[in-house]
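In the order they appear, the protein sequences are chains A and B.
Everything in the first sequence is counted per the numbering used here, starting at 193 for the first residue and increasing by one.
Everything in the second sequence is counted per the numbering used here, starting at 193 for the first residue and increasing by one.
No lab work stands behind these hints: they were computed from the structure.
Cβ atoms here follow ideal geometry from the backbone N, Cα and C, with glycine treated the same way.
There could be a bad hint or two in this list.
Here are the simulated lysine-lysine pairs, DSSO-like style, with alpha carbons at most 27 Å apart [said to hold, decoys possible]: (1) A:Lys629 with B:Lys583; (2) A:Lys309 with B:Lys521; (3) A:Lys845 with A:Lys815.
From the derived model, a few chain A residues whose C-beta atoms are all more than 10 Å from chain B [as the list claims (entries may be wrong)]: (4) Arg275; (5) Arg288; (6) Lys332; (7) Ser342; (8) Tyr383; (9) Val393; (10) Gly421; (11) Asn533.
Residue strings, one per chain:
2 protein chains.
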Amino acid sequence: MNNRFYLLPLLAASIGASAAVITSPSGNFTLEVDVDGAGAPYYSLDYKGRKVVSKSGLGLLADEMAFDKGFVITGTDTTTVDRTWEPVWGEYASIRDHFRELAVDLESAPGTSPERKMTLRFRLFDDGLGFRYELPRQDKANYLTLRRESTEFDFGHEDPTLFCIPGDYDTDEYLFSETTFGGLAEAMASYRGRHTESQAVEGLSVQTPLLLKTSDPLYINIHEAALDGYPAMLLDADPSGKKLSAHLVPDRLGVRAYLQLPFNTPWRTLIVSDDARDILASQLVLNLNEPCKIEDTSWITPMKFVGVWWEMFTGHKKTWAYSDDYRAKPGITDYSKLPSNGRHPANTANVMKYIDFAAKHNIPGVLVEGWNEGWEDWCSYRKNRQFLFDKPYPDFDIDSLTSYAASKGVKLIMHHETAANAADYERQLERAFSYMKEKGYDAVKTGYVGAIIPRSEHHTSQWMVDHARHVIERAAAYRIMIDSHEAPRPTGLCRTWPNWLAQESARGGEFESMGGNPPSHTCILPFTRLKGGPMDYTPGLFQTDLSYYGEGKTVKAGTTLVRQLALYLTMPSPLQMACDLPENYERFADAFQFIEDVPVDWRDSRYLEAEPGRHITVARLDKASDDWYVGAVTDENARKALIDLSFLPKGVKYEATIYEDAPDADYRTNPQAYRIRRQTVDSRTKLRQPLAPGGGVAIRLQPRDKALAAKK
Amino acid sequence: MNNRFYLLPLLAASIGASAAVITSPSGNFTLEVDVDGAGAPYYSLDYKGRKVVSKSGLGLLADEMAFDKGFVITGTDTTTVDRTWEPVWGEYASIRDHFRELAVDLESAPGTSPERKMTLRFRLFDDGLGFRYELPRQDKANYLTLRRESTEFDFGHEDPTLFCIPGDYDTDEYLFSETTFGGLAEAMASYRGRHTESQAVEGLSVQTPLLLKTSDPLYINIHEAALDGYPAMLLDADPSGKKLSAHLVPDRLGVRAYLQLPFNTPWRTLIVSDDARDILASQLVLNLNEPCKIEDTSWITPMKFVGVWWEMFTGHKKTWAYSDDYRAKPGITDYSKLPSNGRHPANTANVMKYIDFAAKHNIPGVLVEGWNEGWEDWCSYRKNRQFLFDKPYPDFDIDSLTSYAASKGVKLIMHHETAANAADYERQLERAFSYMKEKGYDAVKTGYVGAIIPRSEHHTSQWMVDHARHVIERAAAYRIMIDSHEAPRPTGLCRTWPNWLAQESARGGEFESMGGNPPSHTCILPFTRLKGGPMDYTPGLFQTDLSYYGEGKTVKAGTTLVRQLALYLTMPSPLQMACDLPENYERFADAFQFIEDVPVDWRDSRYLEAEPGRHITVARLDKASDDWYVGAVTDENARKALIDLSFLPKGVKYEATIYEDAPDADYRTNPQAYRIRRQTVDSRTKLRQPLAPGGGVAIRLQPRDKALAAKK
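Build the full structure now, drawing on both the sequences and the hints.
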C-alpha cells in the first residue's frame, strides 16, 4: 500500500465563526453548514448550482446529553487533501482520494447545560460528500447511550425516483422497488421478509445504499462508510416533505448504540452526479475508510471458485444435512452411527469431482457446504449449539480431500453456517480457524441465517457490527479470507481489512431458484449494494430453466446465459463463484471458457454506459495482463449497447472474443442461445452490440500479437 | 473415581397405575405422587409420619404445549440404588449414594391434544428428596419455549422460619433475613441490591438454597442439583398459603428457557431432618449430579492461597487500576506511556513479596488482581471490550514473576474480571487460557461484576448457566481450575467438573470492608449457600478493625481473630484464601500457624453441633494424614461449645493445639485477643470450649506419637 499524501491548509481555524461554506476541488459542489436559532446544526448541498440537499438537520441524542441543539460554532477548519492509494484488490490499481475537508467545532451555547462538544467533519469530493460526527472527550460524560441520530437528507421540492428495498433490521435480501416518495407506502406494503425472523421496520423505512434519481436527472446514492462500533443506518422517509432521516438499528431493548468517548460515527455519504456512470465509478466510500490494517497482504488472493452448493437449490432434492434424523445433535449424537439420507452431496467422491473440474479449468477454489455436523436440525434460535466447525460428517473425509485438492493445485473453501448464533460462533471461532489452517483452508464463507443469538441483537445492530469486525480481525490474524453472508451490509471496510473479499448482503443469485431475480435486479445492485463493497452474487448460471431438473422446480431465471458471463464484469468481486454444476459447464464448454479466462482483479475500469435499473456497460483492464474485458447487461428489454473502445491504447490491434446473445435469444423463451465470434478491433472501434431481453454481452480483448503468440 | 454400583430392582413397571408411593431406604420418608382430576401431577412428602410437603403441584408450561395438566399416569417404575463414589476432593473421601427411585410416566389423557409425554423422576434418600422433569422426544414437538415451571412446595399449616435472601436475577450477595412467611414482605422490602444493576424480582421471591425451620423443629433445605442448560430457580412465596413455587430466571425478553428435546431439568432438592447437623452433613446435592467427566484429575490440586487483593479493600487507597486516566482503553491506549497512579499493588516488587510470604508459609498459590489492562474504566455494559486477558500492565512483569514463583515452589493464580461482559470473555477465552498455560498458571478466579452482556441475559438466566458450563469445560480441556465469582450459584456441578474448585455466589468476606458481615452470617451460609458447593469466602481476616488503616475506613468486621481460623473448618473449600496482608500475619505469626497447617481436603467430617444462624461445631479428618481438626463458630452471643471427641479412634492419644478466644475477647471490642494452648486428649475427652461473642475456636489434633516425632 502506497499513500501519497498532500495537505494543503486553506483556512486557519477561526473562533466564533458561523455559516461555513466550502466547495469541492472542481467547484462542482458547494456545502454550507450552520446552526439555526435553536443552536441546531444543519447542512445543505449544491451541485452545479442546483440544490441537491436542502437545509437538513444534523445531530445525535443520547440519554446522557443531547447533541442536536443548543450549540454555537466555535471554530471551523478547512483543508484540501489530494492523495492516491493502492488497494490490495479491486476495480482500480490506484485510487485518488481528493477532497476539501471542513471541520466545524460545536460547543454548548452559553447558558445551556450540560457542557458539550462535538465536531462535524465534512469531506467534499468531486463525486460527492461524506460527513460524520466526532464526539471528543467530554467533561460531563464518558459514555453515551444513544437513542437517535437526527441526520436528515431533505430533497426539497424534488420528487425523485427511489430505487430501494424496505427497512429491515435483519435482512436485505429483497428485490428493489422503483418508486417515488408518493408511491413508497404502497411499494413497501408489498414486501414480505425472506426469513420468518425478518424484522421489517414500522413506518416508511428503506435501506442504504439507496439510489435516487431526480427529474433533471441527478443521480444520488446515499450510504455510509466505515461502519464500525455503531449500528447500521436505515432511512425513514417522510413522503410529504421528500425527506429522509437516519434510523439507526436498535438492539431489542431499544438502545441504538453504547458509545465510549471519544467516538467518531461512520461517515454518511452522498455520491451525486448528473451522469449515472459516475455513481458506478465512484470510490468515495472506500476513500472514507481507514487504510489497510494488515501489514503483509501477500496471502490475500482474489479468486474464482466452484462449489457443492447449487445442487441443493436445483430441485435435485440434495440436502446440506447428512441424515434425515432431525433430532441429531452435533456434539452429542454419534454421527458415525447415524444413517445417511443418501442425498448428501458434500461427500468425498462428489467433492473430488468438483476438485477435478476446478483443476481442469484453472478455478482455484472449491466451496463445500454441508460438510459439518448440525444440518439435520435446521432450527436456529432455540439452542446454543447448532453447528460444530471442526466435526466433518462421516462421508466427508477432510484429510483425503485436502491432500487431493493440494495435489491438483486447488484449495477447498470452508463453510461456517452459524444459523445466526453469533455468540456460539464466537465461542468456537478460534478453534474453527485453527482447524481450518490445520486442514489447509485459507478462505471461509460465513452465514447467519435465522434470528440472532445473542437474543438482544439484530443482524445489523451495534453488537453484530462489532461481531463482524471481530471475525474479520481474527481471520486476519489466522491469514484467512472471509466471504460473509447475512452480515451487516458492507460500507467499504474491505479497504481496511482486504481479507474481507466479499459479502452477500443483498438478494443474490440463489434466488433464481426461489422466485427468481428479474433482469433489472442486477442493473440496480451496482448502483446500490455494490457501493459498499463486492458482492458474492454467485454468477455463472448456465442452466437457467430449473424445470430441466424435474422435481417440480418451475422457476426460470431472469437471465440469458450470456448475461451470466457479463455479470463477472458488471458485478465485480475479487471472489467470484461459477455457481452452476460442472455437468452444465461441460455442456457449454466454449461459453465456460469466458469464466475460465475472466480475471477478478483489475488495473482499471471504464463505465461506458449506465442507467439504473436499465443497463450497464463496463470495460475493465486485467491487473495481471494487458487484456481488457467488456461486459454489458440490459433489463427485460432488448437493447443495442454502444461499446466505444476509445479507451484502448491508440494504434494497438486487439482480438475481441465476443460472447453474445443469439439473435433469437430471450431470457423468457430462449436463454441458452448464444454465439461466440472473433473480431479485430482498436481504439477507433465502436461496437453496436445487440443485447437480448434479459441478456448481455461479454467480450475479451487481447492485444493481437499476444493473442497470436498464445495460439502458437 | 471409583463407583461401586448396586441396582436392586424392586417393582416391575406397571401400566395404567395411579398414586405411586415409595419410602426412603430407612423408611423415614414417604413420597406420594399422583395426578388430580384435571390430570395435573402433584406430590407430597412425609418425614417420620409428619407431613413435610403437602400436596404440591408439578409441571412445565411451554409455548408449544403444556406439561402441567391433562395427564394420565401410564406407568411407574421403582428401583433402589446403593452405591458409593469417591470425590476428587471434598468433605469426605467416599460418599454413599443410597436412594429409592420412582419414575412416573405421564401421557396426555385420551381426548386431550397435543400428544405429550413426560416422566417425573424422584430419588428418595434418607436425608431428603430430589426430583426432576424428563421430557423425552415428542411426536408433536422438537423444541420448547419454556414460560413457566409450576413446581410447588406447600408447607400446609406450618409457619416455618425462613433463612433467606431476596429473589434477584443478577446477584446473591445479600445478608440473610431470618423471618416467617408473614414477615417476608417487610424483610424483603428492606433490601438494597449490591449492584446498581441488581434485578430484584417483583413480588415475594427468595433464592435457593433456602433453609426453613418448623416449630417442631424440622430443618428443610430447598435447592436444585445439576443446573445445566436451564435457568436458575428462584422461589415465589405465597404468604397466605405458606407455599413456595418455582420462579425460573427469564432472559430479558421474558423467555425462561429454550429447550431441545429430549431434555431433563435440574433436580429439585429437599434436604430434611429433625437434626440440623444432618443438613450440614448431607451430600444429596452432589449425589444427584453426574459423575466426574474429567478422566485424568491428577492436575486438580486443592490449595490455599494469598493474594494481592485485600489491599484494595482496606482503605490503603490502593487500586486495581494502573492509572487514574479513566479514559484509557485496553487494546487502544498505549499503556507503556500511561502515567501510573502509584497506588497499584499488582506490581512486580509487591507481588514478589507475596510470593516470598507464600513460599515461607507453605501456601501454594498467589492470586493477583489488577494485573491486566482495563481497570481504569470501571464501567461495564457500555462497551464491548472492557479487559484484555493477555495484556499485563507495564509494572507487572509476568515472565519474571512466573519464574520467580516457580523458583520458590509457588504458583500464581490468574484473575479474569469480565465486568459481566460474558460475550467478550467467550471471545477471548481460548486465547486467555492459552496465555495462562504459556505463563504457567493453573487456576483462575473469574468475575462478572456488573450487568451482563449479552444484554438479553441475566447472571442466572439460561444463557449464562450455559456460559458457565462452557467456561468450565474449556478450562478442563486446558487443565485449568476455576474459582468463579458472580456466577450462577452452585448446584453440585463440581462433582462432574472437579476443576470447578469454588465459587463466590454469596456475600463473602470482602463485605467486611463494605458494611460488614454479622457473626450470624457464617452460621447460616453452611446451611444454605454451601449445600451447592464450596464457597470462596476468603477467610483469614486478622486485622478486623479497618480503622487501623486510617483513610476513613471505620468498619469493624463481625468476627474475632480466632473465628477466622474456625472458618477454615466450618466453611470448607478446596480453595481457601488467607485473605489478610502478609504484614498482619507476621504480627500474629503463632495464630497464622493454624492457617499454615489446616488442610483443604478431607477424609471424613463430623458435625458435632449445629443450629442455623446460631452456631456450628465440626470436626474433620485430614485426607493426607491422621490429623483431625475442629472448628466452631457462634453468632453475636458467647457460647460454650461441647466438643465430644468420641469420634477419635479409641485408645489413641492426641495432642490438641487449641486456638481460642481470650476470656475477654469480643468481636466488637476486643477481637484480636486469643490464646493458644496445648492439651492431650483422647476419644473420651469432652471439651467445653468457651466461644466469645462473634468468636470461635480452632483445634488441631495430632496423634501424640507423631506430634512428638515431628518435634524431634
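Against the structure, the hints:
no.	hint	verdict
1	A:Lys629 with B:Lys583	holds, 25 Å
2	A:Lys309 with B:Lys521	holds, 20 Å
3	A:Lys845 with A:Lys815	holds, 19 Å
4	Arg275	holds, 25 Å
5	Arg288	holds, 30 Å
6	Lys332	holds, 13 Å
7	Ser342	holds, 21 Å
8	Tyr383	holds, 25 Å
9	Val393	holds, 19 Å
10	Gly421	violated, 8 Å
11	Asn533	holds, 17 Å
Against the hints set out earlier in the document, a violation occurs for number 10 only.
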